[in-house]
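Asker: Can you make the complete structure from the sequences, with help from the hints?
1 is the number of the first residue of the sequence shown in the working numbering; add one for each residue after it.
Simulated from the structure, these hints should not be mistaken for laboratory data. The C-beta atom is built at its ideal place from N, Cα and C for all residues, glycine as well. Take the hints with a grain of salt, since some may be wrong.
[Claimed, not checked] What follows is a list of derived Cβ distance ranges for each label pair: (1) K135 x P80: 42 to 52 angstroms; (2) G49 x T114: 16 to 26 angstroms; (3) Y127 x E47: 37 to 47 angstroms.
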Amino acid sequence: FFDNITHAIEAAKYLWSRLPREYQDKVKWFNADMTTYFKTDEVKSFEDGDTWGFCTTKSFGMANMQHSYKLTLVQGIDIPDVSIVIQWCATWRSLSTLWQRFGCAVQNMSLEGTAILFAEKEHFDEYKTMKEKRK
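Answerer: As structure tokens, this is what we get:
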């Protein structure tokens, strides 16, 4: 998860640069600017294993999904076997936001999931202590 669209797109492009050309279409960005049809198709592609992952914003948890010719607002994409969820930067507004994002990891209780937070160094006590010593 990213807190803005620009960072999500930049991350996806960076990941593409690290992948062989034939796998670059396996990682995509997913945000509020995408059409409902794109989101529906991409979630299906992810569920089928054709897409490996998304660099996404909170829109992944608030997507309009089309099922059987009707449109519904889904509070959280319900994919039971997402094995890894990553939050980039600790800029979220509340712990409940982080908890919601990490909650996208495996919902099937027979599986294990991993949630990772990449936080800026300013949030760590060791960095704060070193900074204080330099003053």
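Asker: Each of the hints needs a verdict: does it hold here or not?
Answerer: Quick rundown of the hints versus the structure:
1. Hint check: K135 to P80, Cβ distance near 50 angstroms, so the stated range 42 to 52 angstroms holds.
2. For G49 and T114, the hinted distance range of 16 to 26 angstroms is satisfied, since their beta carbons lie about 18 angstroms from each other.
3. Here the CB-CB span from Y127 to E47 is close to 40 angstroms, well matched to the stated 37 to 47 angstroms.
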